[in-house]
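Dock chain E against the given chain X, drawing on the hints supplied.
2 protein chains.
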Amino acid sequence: MNNKAQPVALAKSYLLLNHGPVTLVTSASGGRRNVMSAAWSMPLDFDPPKVLLVIDRQTLTRELVEASGEFALSVPCRALADAVLAAGSMSGRDGDKFARSGFETFAATRIGAPLIRDCVAWLECRVIPEPVNQQRYDLFIAEVLAAWADPEVFSGGRWHFPDAGRKTIHYQAGGTFFATGEAFECPPAVQ
Amino acid sequence: MNNKAQPVALAKSYLLLNHGPVTLVTSASGGRRNVMSAAWSMPLDFDPPKVLLVIDRQTLTRELVEASGEFALSVPCRALADAVLAAGSMSGRDGDKFARSGFETFAATRIGAPLIRDCVAWLECRVIPEPVNQQRYDLFIAEVLAAWADPEVFSGGRWHFPDAGRKTIHYQAGGTFFATGEAFECPPAVQ
Numbered sequence: 002m003n004n005k006a007q008p009v010a011l012a013k014s015y016l017l018l019n020h021g022p023v024t025l026v027t028s029a030s031g032g033r034r035n036v037m038s039a040a041w042s043m044p045l046d047f048d049p050p051k052v053l054l055v056i057d058r059q060t061l062t063r064e065l066v067e068a069s070g071e072f073a074l075s076v077p078c079r080a081l082a083d084a085v086l087a088a089g090s091m092s093g094r095d096g097d098k099f100a101r102s103g104f105e106t107f108a109a110t111r112i113g114a115p116l117i118r119d120c121v122a123w124l125e126c127r128v129i130p131e132p133v134n135q136q137r138y139d140l141f142i143a144e145v146l147a148a149w150a151d152p153e154v155f156s157g158g159r160w161h162f163p164d165a166g167r168k169t170i171h172y173q174a175g176g177t178f179f180a181t182g183e184a185f186e187c188p189p190a191v192q
Numbered sequence: 002m003n004n005k006a007q008p009v010a011l012a013k014s015y016l017l018l019n020h021g022p023v024t025l026v027t028s029a030s031g032g033r034r035n036v037m038s039a040a041w042s043m044p045l046d047f048d049p050p051k052v053l054l055v056i057d058r059q060t061l062t063r064e065l066v067e068a069s070g071e072f073a074l075s076v077p078c079r080a081l082a083d084a085v086l087a088a089g090s091m092s093g094r095d096g097d098k099f100a101r102s103g104f105e106t107f108a109a110t111r112i113g114a115p116l117i118r119d120c121v122a123w124l125e126c127r128v129i130p131e132p133v134n135q136q137r138y139d140l141f142i143a144e145v146l147a148a149w150a151d152p153e154v155f156s157g158g159r160w161h162f163p164d165a166g167r168k169t170i171h172y173q174a175g176g177t178f179f180a181t182g183e184a185f186e187c188p189p190a191v192q
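If you read the sequences in order, they're chains X and E. Add 1 to a position in the first sequence, counting from 1, and you land on the number used in the numbering used here. Add 1 to a position in the second sequence, counting from 1, and you land on the number used in the numbering used here.
Bound-form chain X, shown alone:
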């Protein structure tokens, strides 16, 4: 295990995606593996935690996820943005995207797909088969089996970005991202 990745309680794992960051989807099956970037992922349930992920039917990731029933979500930070964009604009069918994107990996604990080093959080996921969603909408539902975060960036159920390079990022379009911005707290509502 990457020494930056510390366990996150499963019931708190939705917090890793709750603010809508872009993710990196990794998958592996039959000696092949792939990585793609995905803006369309979000939590679906708290405990047991579930996530939603849209995977286009043309992608190698789709083939590997359907074959293995597993994927991982790694949450990248701003320092990796160039590689995130690269992973979103090339196909794994043309050769290993990890090397071409500059991503290094480490082993997950519950699934075969690798996790992306130097990200700030990770979720290991097992697909809950819902063939109608998958075929009709390219939509996958998965249970989160294990979750991890870099404690310098997420701990105690809160993000606390230590520097600009480790902020999570949100995809806009055309190679443009937003960094996660200023945190602010609202007073409890008067009801």
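Since the hints were made in silico from the structure, they are not lab data. One thing to keep in mind: the hints can contain errors.
As the list claims (entries may be wrong) - Listed next, the stretches of chain X that the computed footprint assigns to chain E, with coverage defined by at least 3 CB atoms under 8 Å from CB atoms of chain E:
| # | region |
| --- | --- |
| 1 | 14–21 |
| 2 | 28–39 |
| 3 | 49–59 |
| 4 | 109–115 |
| 5 | 126–138 |
| 6 | 167–178 |
Don't be surprised by glycine CBs; every beta carbon is placed ideally from N, CA and C.
Positioned in the frame of chain X, the structure of chain E alone reads:
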């Protein structure tokens, strides 16, 4: 129509949610209406555009959306954060949440649910019935029928926040949000 809301081409409407902002869900049926805040919404498809939304089965919103087959997503900005938090922490069953949250509304064009004034973008949505998703996962799929944005904040397919109060916001937990942060562009990937 609110004079701040200008049409957004349907094929570009996913850009209003792509970066993962929190949303306000409005619904109406049989003379009743409601508003709730929702972090768990995201695009599902480009054209025709579809969105995903999780609606807990205990909520009045769920009852109104199931009865009407419609809902709207209004994308609030930082100036509304206190009201967004209020709308997420009270029930519409206890009385009109619009007044208690301080929200004013204006009429949608394609659906009966109202839109929230002083937000920065709006999506009018019709549910695509998927009973298994709704019953098993509290998950709703909807087609976007019309989309609108304040052109001072979103135009030409891009967000360009003119001031801190009109930045979109992302929900963390416990009354804590992130503002949408700095925009940055990555160079095209070398493939």
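Against the structure, the hints come out as follows:
A stretch counts as covered by a chain when three or more of its residues have a beta carbon under 8 Å from one of that chain; for the region 14–21 of chain X and chain E the count is 4, and the coverage holds. Counting residues of the region 28–39 of chain X whose C-beta sits closer than 8 Å to any C-beta of chain E gives 0, which falls short of three, so the coverage hint is violated. Coverage of a stretch by a chain is defined here by at least three residues with a beta carbon nearer than 8 Å to that chain's beta carbons; for the region 49–59 of chain X and chain E the count is 3, and the condition holds. Only residues whose C-beta sits within less than 8 Å of a C-beta in chain E count toward coverage, and the region 109–115 of chain X has 0 of them, not enough to reach three; the restraint is violated.
With a threshold of 8 Å between beta carbons, the proposed coverage of the region 126–138 of chain X by chain E holds, since 4 of its residues qualify and at least three are required. Counting residues of the region 167–178 of chain X whose C-beta lies closer than 8 Å to any C-beta of chain E gives 9; at least three are required, and the coverage claim holds.
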